[in-house]
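Protein chains in written order, with my numbering: chain Y, 1 to 103; chain F, 1 to 359; chain W, 1 to 378.
Errors might be hidden in some of the hints.
Label-pair distances were calculated between CB atoms; the ranges are [said to hold, decoys possible]: (1) 209(F) with 48(Y): 24 to 32 Å; (2) 75(Y) with 313(W): 50 to 58 Å; (3) 87(Y) with 177(F): 56 to 64 Å; (4) 209(F) with 313(W): 28 to 36 Å; (5) 212(W) with 79(Y): 29 to 37 Å.
If you want the ones that stay clear, here's a sample from chain F, every Cβ over 12 Å from chain Y, calculated [unchecked claim]: (6) 164; (7) 183; (8) 225; (9) 329.
Straight-line alpha carbon distances no greater than 20 Å define the calculated EDC-like cross-link-like pairs of lysine to aspartate or glutamate that follow [unchecked claim]: (10) 138(W) with 122(F); (11) 72(Y) with 127(W); (12) 106(W) with 127(W); (13) 260(W) with 91(Y).
No lab work stands behind these hints: they were computed from the structure.
In this text, a Cβ means the ideal position worked out from N, Cα and C, and glycines have one as well.
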Amino acid sequence: MCLGIPGQIVEIRDTVRQLGLVDVAGVRREVNLACVVGDDHRIVDCIGDWVLVHVGFAMSRIDEEEARATLKILEDIGEVQENLAAMRAGDEAMQTNGTGGAS
Amino acid sequence: MSEALDKRTSPAPRPRGKLNVPKVTLAHGGGGKAMRDLVDDVFVRAFDNPLLATLEDQARFRLADLSAQGDRLAMTTDSYVVDPLFFPGGDIGKLAVCGTVNDLAVGGAVPLYLSCSVIIEEGIEVETLRRIARSMAEAAAEANVMIVTGDTKVVHHGQCDKIFINTSGVGVIREGIDLGAGNARPGDIVLVNGVLGDHGATILKSRGDLALDAAIESDCAPLGDLISTLLAAAPGTRFIRDATRGGVASVLNEIAIASDTGIEIDETATPIREEVKGVCEILGLDPMYLANEGKIVCIVPEDQSANALAALRAHPYGREACAIGRVTSQRRGRVVMNTVLGGKRIVDMLVGEQLPRIC
Amino acid sequence: MKYVDEFRDPAKARALIGEINAQVARIETCKSRPLAIMEVCGGHTHAIFKYGIEQMLPDAVELVHGPGCPVCVLPMGRVDDCVALAETPGVIFTTFGDAMRVPGSKKSLMQAKADGADIRMVYSPLDALAIARSNPDKEVIFFGLGFETTMPSTALTILQAEAEGIRNFSLFCNHITIIPTMEAICSSPDLKLDGFLGPGHVSMVIGEAPYRFIAERYKRPLVISGFEPLDVLHSIAMVLKQIAEGRAEIENQYSRIVPKNGNEQAQAAISRVFELREFFEWRGLGSIDHSGVRIRDAYAHYDAERKFAVPALKIADPAACQCGDVLKGLLKPQDCKVFGRACTPETPLGALMVSSEGACAAYYQYGDLDREPVGEDA
Chain Y
1 MCLGIPGQIV
11 EIRDTVRQLG
21 LVDVAGVRRE
31 VNLACVVGDD
41 HRIVDCIGDW
51 VLVHVGFAMS
61 RIDEEEARAT
71 LKILEDIGEV
81 QENLAAMRAG
91 DEAMQTNGTG
101 GAS
Chain F
1 MSEALDKRTS
11 PAPRPRGKLN
21 VPKVTLAHGG
31 GGKAMRDLVD
41 DVFVRAFDNP
51 LLATLEDQAR
61 FRLADLSAQG
71 DRLAMTTDSY
81 VVDPLFFPGG
91 DIGKLAVCGT
101 VNDLAVGGAV
111 PLYLSCSVII
121 EEGIEVETLR
131 RIARSMAEAA
141 AEANVMIVTG
151 DTKVVHHGQC
161 DKIFINTSGV
171 GVIREGIDLG
181 AGNARPGDIV
191 LVNGVLGDHG
201 ATILKSRGDL
211 ALDAAIESDC
221 APLGDLISTL
231 LAAAPGTRFI
241 RDATRGGVAS
251 VLNEIAIASD
261 TGIEIDETAT
271 PIREEVKGVC
281 EILGLDPMYL
291 ANEGKIVCIV
301 PEDQSANALA
311 ALRAHPYGRE
321 ACAIGRVTSQ
331 RRGRVVMNTV
341 LGGKRIVDML
351 VGEQLPRIC
Chain W
1 MKYVDEFRDP
11 AKARALIGEI
21 NAQVARIETC
31 KSRPLAIMEV
41 CGGHTHAIFK
51 YGIEQMLPDA
61 VELVHGPGCP
71 VCVLPMGRVD
81 DCVALAETPG
91 VIFTTFGDAM
101 RVPGSKKSLM
111 QAKADGADIR
121 MVYSPLDALA
131 IARSNPDKEV
141 IFFGLGFETT
151 MPSTALTILQ
161 AEAEGIRNFS
171 LFCNHITIIP
181 TMEAICSSPD
191 LKLDGFLGPG
201 HVSMVIGEAP
211 YRFIAERYKR
221 PLVISGFEPL
231 DVLHSIAMVL
241 KQIAEGRAEI
251 ENQYSRIVPK
261 NGNEQAQAAI
271 SRVFELREFF
281 EWRGLGSIDH
291 SGVRIRDAYA
301 HYDAERKFAV
311 PALKIADPAA
321 CQCGDVLKGL
331 LKPQDCKVFG
341 RACTPETPLG
351 ALMVSSEGAC
361 AAYYQYGDLD
371 REPVGEDA
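Hey, can you work out the whole structure from these sequences and the hints?
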């Protein structure tokens with residue numbers, strides 16, 4: 001449900017109607033910014049923001065820190081799995097003397 | 001019924017008609033002087049060539065000239081109703097020439113002659129018609145084909161959308177060339193001559209109702225020369241098809257069914273421009289089903305695939321050519337994609353038309 | 001594409017599969033039966049099939065495709081209402097493309113268009129409003145469809161119309177809310193689910209709190225998940241980890257998009273324009289209390305249901321259709337009696353075969369790789 005795609009706000013088009021231009025992989029479209037502006041983040045502050053776009057509305061400001069943190073977790077899982085795989089490969093090599101590939 | 005390109009039996013050139021009005025009216029379909037002026041001043045002037053210049057009711061070719069070039073004739077027809085008429089990278093005229101030229105060329109034929117039949121909605125600007133005719137002439141010159149016969153009809157407002165064009169084409173197939181969807185064999189390689197989906201994404205963007213803007217243009221191009229180059233470099237080529245409506249996915253499915261083989265493609269090897277990916281992500285479309293107008297899918301034996309790829313890449317219309325997959329003996333009749341993630345999924349025939357979605 | 005490509009990395013996917021296997025090994029239940037995890041949202045269903053995630057998972061993890069597809073749960077009577085509105089003289093009916101092919105009792109919007117109704121597909125409700133602006137002599141109706149993710153956009157569009165004084169615009173409101181439906185699923189006596197992937201984009205609007213009852217009352221873990229394939233795998237691993245550790249909590253994997261409390265501006269727009277209906281009919285699931293919204297009286301002049309005569313008939317689903325059981329996770333799509341026979345994407349009986357988020361269409365299209373070609377006997 002609810003297709004959404006990250007894009008970057010590159011231009012403010014209309015401060016009254018709260019419209020801006022968003023860029024998604026080089027594709028530009030006017031979007032409504034009402035859901036990503038507030039007292040602490042005025043419409044002019046939106047330029048450069050990464051937002052999640054759904055049906056022509058910027059629905060959420062993407063939290064760069066959180067994105068990085070999630071990727072870090074994924075990397076850590078990767079490292080753990082790599083180490084485990086290396087250990088398993090080592091065990092197998094000792095047992096079978098190096099035949100067989102990954103299963 | 002009004003006749004098309006004016007007919008005169010006398011070989012002496014008659015003075016060409018001149019069109020001095022800004023818009024086409026029903027009078028220009030009436031078979032009289034107004035129609036002759038339209039045909040002469042817009043189409044004959046743009047397409048000018050000796051076969052057309054006789055302005056007979058039919059174009060006449062010497063059989064000997066044709067049989068010197070091969071042992072079979074190829075004939076095809078296609079109608080063009082694109083909206084909008086003009087779009088980045090082309091227009092309905094260029095499309096009407098390239099599309100039919102490509103339909104001949106993918107069968108291994110050298111395209112030679114085209115017909116051009118237009119259905120015009122009253123009220124269209126004459127200048128619009130001139131632009132379209134010029135564009136057809138340019139594409140025909142590049143493709144090395146002649147537009148040798150034609151027809152015009154003018155219909156009431158609302159009976160067609162501005163202009164519809166039908167072109168038929170004739171070409172000659174050289175002896176020994178026998179391309180067919182059923183020829184694919186397990187182990188063959190699947191090649192494409194460049195990035196996919198540009199035309200479909202450009203048309204979606206150009207219609208304007210989705211309010212998308214991106215620096216993409218249609219890949220519309222005549223591919224006869226590219227295909228000759230390919231066939232010379234890889235004479236064992238099994239099959240070529242232009243991936244127009246329904247995109248690459250539809251062509252691959254046809255091959256899998258016709259040859260009773262499986263086809264496996266790699267998502268990461270499938271070349272798609274960032275902007276086209278962007279359009280697809282926004283609208284929830286799959287680029288594998290987007291139309292192309294200058295892209296072919298080629299099935300070549302593995303031992304000729306390197307030569308084929310090198311030949312494609314050396315050609316201006318094949319610089320970004322690449323191998324996207326192979327023919328297998330598994331899951332016959334199906335196309336399977338190895339996804340970017342390392343999973344697999346079926347790439348099925350498209351059911352209807354791809355619609356933009358929010359879900 | 002930033003925030004997209006890095007969440008489609010195959011090496012990280014392999015690592016997550018390793019992590020999923022490691023969690024499975026810790027869970028005692030897996031030795032006797034597979035764990036059933038429901039992805040509530042159709043967007044997840046689509047991603048799972050598009051990237052081939054299902055076959056990458058160990059047999060001990062079974063994904064159940066939930067009801068979070070607004071097109072799939074739209075009752076046939078509402079489609080008939082759309083067709084009736086679209087065929088009203090002087091009306092331009094605007095809709096997301098998703099709804100075009102959903103069968104009504106007599107025809108779909110696609111067929112109504114072929115019969116001459118002025119039906120236009122739009123990307124955004126704002127585009128529908130623009131059509132109203134440039135066609136002052138026509139009545140423009142927008143078919144409002146979707147969960148909380150989409151509600152703010154239609155609410156804001158109505159507020160925009162009000163601000164501009166545009167009166168030839170109205171909304172046929174079919175917005176629904178996912179929480180009561182999740183509650184209905186959880187309270188069902190035949191609940192066979194061990195955990196949930198929560199809908200990421202709904203959550204960016206409503207936040208984490210509305211799901212708490214799932215952990216507290218029903219003791220099931222729920223992880224709010226993003227839509228890229230690594231998000232889905234990561235969330236599955238997180239659900240499994242909770243199960244392995246005997247926890248049942250609401251966790252947020254999609255924290256780059258989903259703030260803890262959701263989006264206040266979006267919530268404010270929703271509550272200004274909409275109010276809960278007493279009940280709303282879901283295809284296959286029946287009537288669920290407080291599961292839909294309607295336009296408040298203050299904006300009644302933008303309500304197509306009040307502005308035009310809408311038949312509002314209740315139409316029973318075709319008898320052979322088992323969409324309801326598939327939606328509840330009781331039946332796999334391919335086990336439905338009509339799957340791939342009477343019901344195909346070309347001739348869909350149920351909406352699950354229409355929407356690209358529908359479990360049946362996804363199975364049919366992306367399928368299970370070794371399914372026999374349909375129409376032949378297996």
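Checklist entry - Looking back at the numbered hints, which does the structure fail to meet, lowest number first? => result Those not satisfied are hints 10, 11, 12 and 13.
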